[in-house]
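Residue numbers (numbering that gives the first Met the number 0), protein chains in the order written: chain A, 0 to 272; chain B, 0 to 258.
Be a bit skeptical, because a hint or two may be false.
[What the hints assert, rightly or not] Sample of chain B residues at the chain A side, in silico, Cβ under 10 Å:
#, residue
1, Cys66
2, Ile69
3, Val73
4, Asn112
5, Pro132
[Unchecked claim] Computed footprint of chain A on chain B; a stretch qualifies when at least three of its residues, placed anywhere within it, have a C-beta under 8 Å from a C-beta of chain A:
#, stretch
6, 39-45
7, 150-161
8, 165-178
9, 190-202
10, 236-250
If you're looking for bench data, these hints aren't it; they were derived computationally from the structure.
Where a beta carbon is used, it is the ideal one built from N, C-alpha and C, also for glycine.
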Amino acid sequence: MGPWRYLIGLCCFLQAPLAGADMPLLANSDFFSLNPTQTTIALEQPICMFKSAVNVYLIGIVAGAPNTPLYDGNKKVNASTYSGTQGGKTGPYIVAKLPNQQCINIQALSNMADPTQVQSILSKYVVRVGADVTCLTNPNFVGYCNAPLQGNTQYSFKYLFTDSGDIVQSETSWSLGITTVNGKASSTIDTWPGRRSGGMIVLTSILSTLMFFVFIAYVIGFAYSIANGSPAKEVSRHDTQTTAVLQKAQEPGEVTYSSALTGSERYAPTQQA
Amino acid sequence: MKEDSGVRCYQSIIIFGNVVLGLCGVALTAECIFFVSDQSGIYPLLEATNNADIFAAAWIGIFTGFCFFILSIVGIIGIMKSNRRMLMVYLILMFVVYAFEVASAITAATQENFFIPNLFLKQMLDFYQNPNPTNNDNLWKINGVTNTWNRFMLLNGCCGVNGPQDWQTYTSVFRQSNSDSAYPWPQQCCAMNSLGQPVNLDACKLGVSPYVNLNGCYDQMAGPMTRHAWGVAWFGFSILCWTFWVLLGSMLYWTRIEY
Chain A
0 MGPWRYLIGL
10 CCFLQAPLAG
20 ADMPLLANSD
30 FFSLNPTQTT
40 IALEQPICMF
50 KSAVNVYLIG
60 IVAGAPNTPL
70 YDGNKKVNAS
80 TYSGTQGGKT
90 GPYIVAKLPN
100 QQCINIQALS
110 NMADPTQVQS
120 ILSKYVVRVG
130 ADVTCLTNPN
140 FVGYCNAPLQ
150 GNTQYSFKYL
160 FTDSGDIVQS
170 ETSWSLGITT
180 VNGKASSTID
190 TWPGRRSGGM
200 IVLTSILSTL
210 MFFVFIAYVI
220 GFAYSIANGS
230 PAKEVSRHDT
240 QTTAVLQKAQ
250 EPGEVTYSSA
260 LTGSERYAPT
270 QQA
Chain B
0 MKEDSGVRCY
10 QSIIIFGNVV
20 LGLCGVALTA
30 ECIFFVSDQS
40 GIYPLLEATN
50 NADIFAAAWI
60 GIFTGFCFFI
70 LSIVGIIGIM
80 KSNRRMLMVY
90 LILMFVVYAF
100 EVASAITAAT
110 QENFFIPNLF
120 LKQMLDFYQN
130 PNPTNNDNLW
140 KINGVTNTWN
150 RFMLLNGCCG
160 VNGPQDWQTY
170 TSVFRQSNSD
180 SAYPWPQQCC
190 AMNSLGQPVN
200 LDACKLGVSP
210 YVNLNGCYDQ
220 MAGPMTRHAW
230 GVAWFGFSIL
240 CWTFWVLLGS
250 MLYWTRIEY
């Protein structure tokens, strides 16, 4: 027991600062996709981090801004607002004041699929920085204005755990920098379809070729018939013609030639001039 | 009689070719009427990008299909009577219709290549809920695109071209009148209850899966457009391949007819 005493003592000693080594985290990306957005960031609430606190203050700051003190000598929280710090550019500001959630009966995030439970899970599990669009322009607003953030800016967050009198009992360290999304201009989207599809090339080339051959066939056919044909030409004789038909064709006063022969007999498979 | 039966055989082949051509013409007309009627309502999206030529190709297809049908009847009668004038009319008109159908098929095949997701993404970002139309034509296109996207997203349970991240990755005219905090993506992307209201608006804004549609609409848009373009282009192509031989045969028959 002798040497173990020091180990237990060391653990007890380290427990206090180690508890403060937790930091605000982005809400679980398995459930909360598309986080952060251009002007909002969804963070996990600090459930079961410091059980004896009554209130939790979420502090936000633009990365690189001067780190002015968050509480005075009596450890009372300094009131600082979004508009007072120009959205966190001149110092940290209070994003929201939340009640410290009870560390019992924690619902699993997978229960969010149930519409009756989702609202209570959201109010206990996540805090959305930048959610209030009206508080900056509303003259009657009281409280801490959780106004929308700037796009493409890196922010850092911290939780302060206080009692009912706003005396700080514990705090987390500053979170890693979280950057809001940078919206690119739509003119940067390239709409060029790339190369032509193979089907289109095949179709166009084959149809163009067929069109050409049809045209050539027409030209040849018309030229041939103009060169060889004339209405006064004598009817050519076939071996298959009967004499009766021949006499019929040579009668004078015949009005038209076209009715003299039936269809098959007018077609000449070979020219017999 | 051997020559006679050879002639008869040749005639019947060309008549058969014309019969098939007439039936295909009717089918082409019916298919193109179906495409022009635009059952999936994608025409406003194409009109806004000035890429509506597949509809022009379908309109041409309606008329060429009907012309193929009528001309095939003329051709059948002309072949049976071996009437030189009728066949000349048939051949000349068929050439004109053939040329138009070639144009229609090539137009449809070429235009289909332009349908990539980025095309619709850019148009959606530039037109959807644009509060400042520049002129009446622009206003017409804006209304067409907005109504079409709203209908698509609500009916098909999808959001944007690739998903809600389209609205975050890019700035858009939608953002001019809808702040990112209140509307990170349009409310039509949220899962709706039977009254047409979001099931849970906060969950939708946070991107929680059953309460916002995380999948994109491009697949449901691309399907009808591709079928439209390919139907017009490739059916037209097959008809033209068949008509090529019918025309050559008819032309050959025509040159051999005696006056």
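Going through the hints against the structure:
| no. | hint | in the structure |
| --- | --- | --- |
| 1 | Cys66 | violated, 16 Å |
| 2 | Ile69 | violated, 19 Å |
| 3 | Val73 | violated, 15 Å |
| 4 | Asn112 | holds, 5 Å |
| 5 | Pro132 | violated, 17 Å |
| 6 | 39-45 | violated (count 0) |
| 7 | 150-161 | violated (count 0) |
| 8 | 165-178 | holds (count 7) |
| 9 | 190-202 | holds (count 4) |
| 10 | 236-250 | holds (count 7) |
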